[in-house]
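What follows is each chain in one-letter form.
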Amino acid sequence: MIFLMEERIKIEYDALVIGAGIAGGEAALNLANTGYKVLLVEKDHSLGGKMILLSKVFPTLDCAACITTPKVSEIARHKNITIFTESEVTHVSKRGQNNFTAEITKKPRYVHVADCTACQLCEKACPVNVTDEYQYGLIGRKAAFIPFSIANPKAAVIDIENCTLCGACERVCPTHCIDFTMETELYELKMKTVILATGFRLFDPLEIPRYGYGQYKNVITSMQMEREIAPTRPYNTILRPGDGKVPDKIAYVLCTGSRDNTVGNPICSQICCMYSIKQAQLLMGALPMADVTIYYINIRSFGKGFEEFYQQAKGMGVNFIKGKIGKITEKENGNLILRYEDISSGVVSEAEHDMVVLSVGVQSNPAVSNIFDAGSLKLDFHRFVAQKDLMGSPSKTSIDGVFVAGTASGPMDIPDSILSAGSASSEAISYLSQPQQQ
Amino acid sequence: MKERIGVYVCHCGGNISDYVDVEKVCRAVENEDGVVLARTTLFACSDSNQNEMINDIKEHNLDGVIVASCSPKLHLATFRNVTERGELNKYTYVHANIREQASWAHSDDKTGATEKAIHLVKAAIAKSRYAEPLYPYWFEAEKTIAVIGGGIAGMKATASLADKNSNVVLIEKESRLGGHTAEWGSLAMTDEKGYELTERIAGDIRNRENIFILTGAEVISTKGSIGNFEIRIRKKPQKEGDPSEIMVMKIGSIVVATGYDHYSPKDGEYGFGNSDWVITLPEFKKLVDSSTGKILEYRGMRISNVVYIYCVGSRQANGGNSYCSRYCCTSAIHTAIEAKKKFNGIVNIHLNRGIRTYGKQELLYAESLQMGDLYLQFNEESLPKIFVKKQKMVIAVKDILSAGKELEVEADLVVLVTGMVPRSDRSVGSMLKLPKGRDGFYNEVHMKLRPVETVIDGVTIAGTCQGPKNISESVNSALSAATKSYSLISKGTLETEPIIAKIDQENCSWCSKCLNACPFDAISKEAVHNREVAIVNASVCKGCGMCTPVCPVDAIDLTGYSSKEMMSMIDVLV
Chain V
420 MIFLMEERIK IEYDALVIGA GIAGGEAALN LANTGYKVLL VEKDHSLGGK MILLSKVFPT
480 LDCAACITTP KVSEIARHKN ITIFTESEVT HVSKRGQNNF TAEITKKPRY VHVADCTACQ
540 LCEKACPVNV TDEYQYGLIG RKAAFIPFSI ANPKAAVIDI ENCTLCGACE RVCPTHCIDF
600 TMETELYELK MKTVILATGF RLFDPLEIPR YGYGQYKNVI TSMQMEREIA PTRPYNTILR
660 PGDGKVPDKI AYVLCTGSRD NTVGNPICSQ ICCMYSIKQA QLLMGALPMA DVTIYYINIR
720 SFGKGFEEFY QQAKGMGVNF IKGKIGKITE KENGNLILRY EDISSGVVSE AEHDMVVLSV
780 GVQSNPAVSN IFDAGSLKLD FHRFVAQKDL MGSPSKTSID GVFVAGTASG PMDIPDSILS
840 AGSASSEAIS YLSQPQQQ
Chain H
2 MKERIGVYVC HCGGNISDYV DVEKVCRAVE NEDGVVLART TLFACSDSNQ NEMINDIKEH
62 NLDGVIVASC SPKLHLATFR NVTERGELNK YTYVHANIRE QASWAHSDDK TGATEKAIHL
122 VKAAIAKSRY AEPLYPYWFE AEKTIAVIGG GIAGMKATAS LADKNSNVVL IEKESRLGGH
182 TAEWGSLAMT DEKGYELTER IAGDIRNREN IFILTGAEVI STKGSIGNFE IRIRKKPQKE
242 GDPSEIMVMK IGSIVVATGY DHYSPKDGEY GFGNSDWVIT LPEFKKLVDS STGKILEYRG
302 MRISNVVYIY CVGSRQANGG NSYCSRYCCT SAIHTAIEAK KKFNGIVNIH LNRGIRTYGK
362 QELLYAESLQ MGDLYLQFNE ESLPKIFVKK QKMVIAVKDI LSAGKELEVE ADLVVLVTGM
422 VPRSDRSVGS MLKLPKGRDG FYNEVHMKLR PVETVIDGVT IAGTCQGPKN ISESVNSALS
482 AATKSYSLIS KGTLETEPII AKIDQENCSW CSKCLNACPF DAISKEAVHN REVAIVNASV
542 CKGCGMCTPV CPVDAIDLTG YSSKEMMSMI DVLV
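Which chain is which? The protein sequence lines are V and H, in order.
For the first sequence, position 350 matches number 769 in this note's numbering, and the numbering has no gaps at all.
For the second sequence, position 73 matches number 74 in this note's numbering, and the numbering has no gaps at all.
No wet-lab data here; the hints were simulated from the structure.
Hints are not guaranteed to be accurate.
Said to hold, decoys possible - Per label pair, the in silico range of CB-to-CB distance: (1) H/HIS61 <-> V/PRO546: 35 to 43 Å; (2) V/PRO854 <-> H/LEU402: 55 to 63 Å; (3) H/LYS342 <-> V/ASN789: 35 to 43 Å; (4) H/ASN56 <-> V/LYS543: 21 to 29 Å; (5) H/TYR136 <-> V/PRO546: 53 to 61 Å; (6) V/ASN680 <-> H/LEU375: 14 to 22 Å.
As the list claims (entries may be wrong) - Only pairs whose alpha carbons sit at most 35 Å apart, straight line, appear in this in silico DSBU-like list of lysine-lysine: (7) V/LYS664 <-> H/LYS111; (8) H/LYS341 <-> V/LYS797; (9) H/LYS267 <-> V/LYS733; (10) H/LYS165 <-> H/LYS437; (11) H/LYS342 <-> V/LYS807.
Claimed, not checked - Some chain V residues near chain H, calculated using beta-carbon distances under 8 Å: (12) THR479; (13) ALA484; (14) ASN571; (15) LYS723; (16) GLY765; (17) GLY811; (18) PRO830.
Note that the structure is a prediction, hence the values are computed from the model and not measured.
Heads up, the beta-carbon is just placed ideally off N, CA and C, and yes, glycines get one too.
Looking at chain V on its own, in the form it has when it is part of the complex (with noise of 0.2 Å):
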């Protein structure tokens, strides 16, 4: 580990915004337009969370890709935003009013961001084949890889718990901006206030035994067919991952995790039935000839436009069916038998379906809270940020001058995000203009 002297370090910034997803970057570039200096810390590879993943978003249908990039291109030339990627804060620590320090551990990339072009040889040259985490598993990448097409910044990584440290990428590298000597940097930085925006985590359905995730290979998630249908999609067309067919049956099981109580969720995720809808129309559109059914408990299409999207798709002719998803079991065909209770006439009945995607829900991300000091920082039953005044001031957290942004305080869509995030940004730009005390 070395310890770096630079300028970065030497800047006493304003704020520290955790998380660079479309809430953290949103309340950044809030206080940078304002003319703060943000330190904008996120975890992965690149800026953009979950949003810049997704395929189309509703009710507009824009493509995610097309609305987000520009703004984390914003985010990323920013003059007064500094981003550090692959790094975690580890701690932070308030010393009084306007006076917090984080510890951050910066992981190595192996390559020099800025003399990187992406020309993707080293990708070509790389022997080592591994799962790739940006396509939810659906393909491969390299060990040596770009994250996906539209990353920011746009540069290869060198994924070192896979590598074999064969030279072969640092080889054919024309700008030699690979470079295995980088270590872990720590810094240790100053700023005057600090927003959590954290997100969330999809629920991993291995918890569901009974829906057969991972046992049966037509049995995927949303996030998974979120992917399939996206513009830089993995396969470039609609395939179920067992045999390569073009499904003609899908079927979606809502609150799957969500709603729940004995997966220890009681509460709704509140994107969960308007993305399904959301796919459904675009399978629709992609698969003309397709069915598409989903099975819910609740249609829950409760914003702006969202009634009429859910009508619209109804008028497609989706299929919406009331009940339950009790078991799934596959066929040797690989097709998968769904067996629900039929709310509308009353019987236990079972359909039979050649892909099934389950509608993962929204969890926590806890661990936001072992980086400040024991205790200091409330999480609520769900292990959400607890948010103090609920209704006066959502932002605010149990540390004064600490504030939170998007998903880390509970589920909620974009939208509800990006006002989540102007409310944090809003009340740091308020804390940040108090008198200072002495």
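Starting from the structure of chain V, add chain H where the hints point.
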């Protein structure tokens, strides 16, 4: 005349290239006069491509840049900035829209879509050849911000702006602050009282040096634009008979927080107006909150069976309001729980269309189920019917939760779970020319990423005037709007688009046609060398072009869209 033009044709990841042959477009334009470089790109807007464009500008010494991609509404500003970072005048950048105007519009005709895209790009090249550098105007912005509406959203926006050391004028039509929230008792999720919450926030904004609160006041007219609005306010007199007071204020930016109206059921809708025992949710909330004792009484009668009918005024398939009002499921369930906890013998029966207690609010639904509330569900095709049987109110419902059985429930009181509708008084929106959506609420610039900004620069929308929201969501929206308004004008100077009308004073003979055509009052008459001619106020002109075609002597040109540029585009297209 531009002689070194670079053209970028965007795949838009497939949004364009699935229907338009982008390679063919590229080849078709690469030999056009003045074009020195033409290439395709997966996402023109991505950071890596932006950097490539900047390198190209320098390396190939480009003097004009064209991107053929999506609507300029989305990315004109993005690529102007790229051009500027490449050290060219950003107003020489020309945009061609081959997504909305070619690939999406003609997804059934790939050859036609490609042909059209080629034409659009060639027209852009024609414009680019004549594009002149333009320079923005700078002017001093007023730093006071006006917040219109003193409900929870308006008050929070005011507080947050004052915290940032802005001067704020809060204008409320009613004689008191607090809006609808001040009428609520116990609130869902926190159990704080609505009036306590609004009083807490009102306390925060009263008696502050930089906040000027006007209650009983209405905005009666607005003019000007971002940085320089002038608003006229009429304040009701203190004593009846006194004349009302008119105030004129200079304002930099406006936060509109005019809120919503409760849906008011039509006469006879589920017996509303016919029976005294059919009331709305807001009325029931007040009843629960204000009643004391262990028995709930209404109009002298003891109430036990309370039947709630959901989605009254919301999710109406045929005409009416097609949207979901978002807050009502949670609010009705919360009130039902309150009633059951507070009074003896309450039986709650919820006739709903699928409960929407999204997020953590789901816990309230679970609590009410645990307390034994009954939920029956109907769909839009068979709405519940209400009638009187043996002097009892009875509601018949076809319950889809019991396989479509026709059930009848008796009610002592029927609560219509009414939603939110746009304010019937839309005067503020009309004055500011704010666009409304199909649902009648004010529209934001972009539903996903810019939910509080409007197409009118300097005007933001906060809270429920943009669409139904609960209190917490309204506050987030208010704080976001405050931040956007603040960051717009906090620097004190503003840049305006240099795309404005220019008058050729030699030719102008002042006929006043342009004055009448201008929607922004940017044109005035002035005497120049003893001749009356039209003058354009650069800080007010929006460059909309309405004046250009009405001029009988062709004395008006729009910078950035000069007759020369437009004619050369038309020559290519026809």
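Consistency of the hints with the structure:
1. H/HIS61 <-> V/PRO546: 35 to 43 Å: holds, 38 Å
2. V/PRO854 <-> H/LEU402: 55 to 63 Å: At 59 Å between Cβs, range holds.
3. H/LYS342 <-> V/ASN789: 35 to 43 Å: holds, 38 Å
4. H/ASN56 <-> V/LYS543: 21 to 29 Å: Holds: the Cβ-Cβ distance is about 23 Å, inside 21 to 29 Å.
5. H/TYR136 <-> V/PRO546: 53 to 61 Å: 56 Å Cβ-Cβ, so the 53 to 61 Å window holds.
6. V/ASN680 <-> H/LEU375: 14 to 22 Å: Since V/ASN680 and H/LEU375 have Cβ atoms about 21 Å apart, the given range 14 to 22 Å holds.
7. V/LYS664 <-> H/LYS111: holds, 26 Å
8. H/LYS341 <-> V/LYS797: holds, 31 Å
9. H/LYS267 <-> V/LYS733: holds, 28 Å
10. H/LYS165 <-> H/LYS437: holds, 30 Å
11. H/LYS342 <-> V/LYS807: Measuring from Cα to Cα gives roughly 26 Å; hence the hint holds.
12. THR479: With a minimum Cβ separation of about 5 Å from chain H (threshold 8 Å), the hint on V/THR479 holds.
13. ALA484: Hint holds; V/ALA484 Cβ to chain H Cβ min 6 Å, cut 8 Å.
14. ASN571: The hint holds - V/ASN571 has a Cβ within 8 Å of chain H, the shortest such distance being about 5 Å.
15. LYS723: holds, 4 Å
16. GLY765: holds, 3 Å
17. GLY811: holds, 6 Å
18. PRO830: holds, 5 Å
Violation of the numbered hints given earlier is absent; every hint is satisfied by the structure.
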